[in-house]
Every structure is written in structure tokens, then in C-alpha cells.
Amino acid sequence: MDQRVHDHAETLVDWSARIEAGDDVVLRVSEGAHDLAVAVAEKLGERGANLLTVYSSDEISRAYLRGHDGDFEDDPEYELAMYERADSVLSLGGGRNTTALADVPSDRRQAAARAREGIREARLDTDWVSTIHPTRSLAQQAGMAYAEYQDFVYDAVLRDWESLAAEMGQLKDLLDAGSEVRIVGAGTDLTMSVENRIAVNSAASVAYDSHNLPSGEVFTAPVVESVAGTVTFDVPMTISDRRVRDVELTFEGGEVVDFAAAQGEDAIAETLETDAGAKRLGELGIGMNRGIDRPTDTILFDEKMGGTVHMALGRAYASNFSEGHADERNESAVHVDLIRRMDEGSRLVIDGDVVQADGVFRWE
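Counting from 1, position 150 in the sequence shown corresponds to residue 216 in the working numbering; the numbering is continuous, with no gaps.
Treat the hints with caution; some may be incorrect.
Heads up, simulated EDC-like pairs for lysine to aspartate or glutamate below, C-alpha to C-alpha not over 20 Å straight-line [claimed, not checked]:
no.: 1; residue 1: K109; residue 2: D68
no.: 2; residue 1: K109; residue 2: D90
no.: 3; residue 1: K109; residue 2: D193
no.: 4; residue 1: K109; residue 2: E76
no.: 5; residue 1: K109; residue 2: D89
no.: 6; residue 1: K109; residue 2: D137
no.: 7; residue 1: K109; residue 2: D141
no.: 8; residue 1: K109; residue 2: D80
no.: 9; residue 1: K109; residue 2: E145
Worth flagging that the hints you see were computed from the coordinates, not collected in a lab.
In this text, all values refer to a predicted model and were calculated from it rather than measured experimentally.
Please model the entire structure based on the sequences and the hints provided.
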């Protein structure tokens with residue numbers, strides 16, 4: 067086995083999830099992630115953790131959703147209990163077909179998502195971490211040769227996370243002390259309040275309230291009703307197994323009042339129709355992982371790309387809210403990220419001060 071797989075597993079178990087003896091761990095293994103699962107299981111055994119492995123497959127999900135009548139039971143108790151009892155949930159992405167769910171009706175997917183909101187919240191209440199094992203299908207989606215994609219993944223994952231955490235801490239401090247964020251660029255002039263919010267220094271570890279590996283972003287939640295203006299997202303991506311490109315959203319009073327896309331406009335429309343919270347922003351994130359230098363059509367990597375910002379329609383993360391402001395959190399069955407490059411002519415402004423210009427932070 068490639069030594070980098072073992073290094074990936076060690077980073078996941080020790081740095082990211084901080085697994086200790088006696089922890090109850092659910093390991094969710096996608097198709098194609100077998101080697102990483104074996105390496106992670108070995109590390110969990112060495113740490114004295116308790117392991118329950120579950121298999122995840124988009125092709126199995128497709129068969130189930132297409133066969134179902136759409137009247138889903140809310141939060142089946144047996145599945146809910148598994149996550150309520152777990153200390154950590156480690157999800158290993160992979161897959162054989164990145165568009166395996168393409169022919170599942172959107173209303174069926176939305177109904178399934180709404181019926182499992184409690185299960186999703188129980189999983190998010192654990193020390194959960196999601197990562198990706200490089201597979202040929204993901205390499206193909208990224209437009210890379212397999213060996214090239216492996217190098218890309220490990221360059222993003224196997225970093226000096228302590229040093230990156232220190233750098234990202236500078237931006238967290240500015241956001242925590244700030245009141246208003248403005249993002250300016252081609253087709254974009256958007257403002258939002260971040261008053262009384264807590265920015266997360268997402269340094270790929272639960273110790274930083276960060277749950278992705280790789281990570282490398284600082285994210286916060288806007289005051290929902292404060293979001294105003296227009297933003298264009300120019301990084302192509304796949305949403306609900308449909309290609310989406312050049313999305314433009316216009317906000318008034320915190321809600322999307324107009325939208326357009328050069329491609330995949332129907333996917334944006336369906337997202338916005340999920341529920342009331344899907345029309346509002348739940349997250350503003352700033353990518354700072356320079357090891358991710360190109361889009362790959364995989365959100366786990368692309369939203370962390372240095373020189374980008376991303377915003378999520380839908381659910382906000384509880385970690386961005388202090389105890390006295392928890393009731394201000396945007397609720398939704400979805401959390402759909404959209405990304406724009408902060409290239410030439412772009413500015414990230416906090417309380418009138420330019421923090422980043424042309425994709426470069428003032429301390430770089």
C-alpha cells in the first residue's frame with residue numbers, strides 16, 4: 067500500500083478526529099475507499115477505539131430512492147440511535163460513479179433529506195470528520211490522470227496543519243472583531259453583517275471545530291437578513307448530479323430574489339425550493355489552502371482553494387453562534403456551497419479595510 071495512504075489515515079485519526087482509547091467510532095466507507103478504510107481501521111485498533119463500519123454507496127442509494135414511493139419515515143430509530151451513541155463519525159469518500167444519482171427525481175431526494183434531518187443533526191453532534199480517498203472516478207471528474215490526482219489529493223491533505231492554523235487565525239481574529247463584510251469583484255458587490263458571530267479556523271481538526279480533511283478555510287455565518295447585493299460564482303461544480311456554471315444570485319433582505327446560471331439553472335431552482343431556509347445564506351467561507359490550486363468538481367477540495375470565497379445556501383453551522391444567539395441560526399434541509407475566485411479586481415473588505423486584494427491577503 068502507498069505509504070501516503072497510511073499517512074492520510076494517521077492524520078485523520080490523530081490530528082483531525084483526536085481519537086482516544088474507548089471512543090465509539092462509526093466508520094462510513096464509500097465505494098473505492100477500501101485501502102484508506104483498512105489503514106484507518108489499523109490506526110483505530112492501535113488507539114484502542116471501538117469500531118463499527120458501515121458501507122456507503124451512491125448506487126445502492128439510487129436503487130433505494132428509485133424504488134421508494136417517496137413517503138419516507140422520519141428519522142428511523144435504529145439509524146438515529148447509532149449516531150446518538152457514537153463519539154466520532156469518520157466518513158471516507160470515494161465512489162465509482164460521481165453521477166450515480168443523476169436519474170433520481172429531485173423531489174424524492176428532497177423528501178429523503180427532510181426525513182433525515184434529525185439523523186443528520188445527530189451525526190453533526192459527534193466529533194465527525196469527512197475526507198476523500200483518491201479514486202479513478204474522482205480523478206476523471208477533476209480532469210486529471212489518476213497518478214496526478216493522487217499527488218493533488220495528498221498535497222492538500224498532508225500539510226503542516228499547525229502552521230496553516232496559525233496563518234488562518236489572523237483572518238479569524240479579523241472576522242470575530244468585525245461587523246460588516248463586503249465582497250467586490252466581477253459581477254459581484256455583496257455586503258453582510260457578521261456581528262455576534264464566531265468565525266471557525268477550519269484547520270482540519272475537531273480541536274478547531276473543523277470537520278473536513280483536507281480543510282484550510284475560515285468560515286462564519288452571516289446575519290441572515292443583512293445579506294444584500296449580487297454575487298457571481300464562477301467556479302463550475304456539480305449540484306444534484308447536474309453541472310452548474312456561472313451562477314448569479316441577487317439578495318434583498320437576506321433572501322434570494324433573483325437568480326440565473328449559464329448552465330444548471332434548474333439545479334439552483336430546485337435547491338432554492340427545498341424550504342424557506344434554502345433561500346438564505348448559512349455560510350461565508352474563505353479558502354486558504356494553497357495546496358489546492360485548481361478546481362476538481364469536488365466540494366471538499368474546491369471550497370478550500372486558496373484565493374476563493376464560497377457561500378452556502380441553507381443550513382448554518384452551530385459552531386458559528388454563541389449561546390445567546392443560537393436562535394438566529396438559519397435552518398434548512400440543505401447546505402449547498404457555491405464558489406467564486408477572488409482574482410484580479412476582487413476585494414475582501416472587513417469594516418472598510420481591505421483584507422484581501424486580487425486573491426492575496428495583506429500578510430502574504
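Hints and how they fare:
{"no.": "1", "hint": "K109 - D68", "result": "holds (16 Å)"}
{"no.": "2", "hint": "K109 - D90", "result": "holds (14 Å)"}
{"no.": "3", "hint": "K109 - D193", "result": "holds (17 Å)"}
{"no.": "4", "hint": "K109 - E76", "result": "holds (7 Å)"}
{"no.": "5", "hint": "K109 - D89", "result": "holds (13 Å)"}
{"no.": "6", "hint": "K109 - D137", "result": "violated (40 Å)"}
{"no.": "7", "hint": "K109 - D141", "result": "violated (31 Å)"}
{"no.": "8", "hint": "K109 - D80", "result": "holds (9 Å)"}
{"no.": "9", "hint": "K109 - E145", "result": "violated (25 Å)"}
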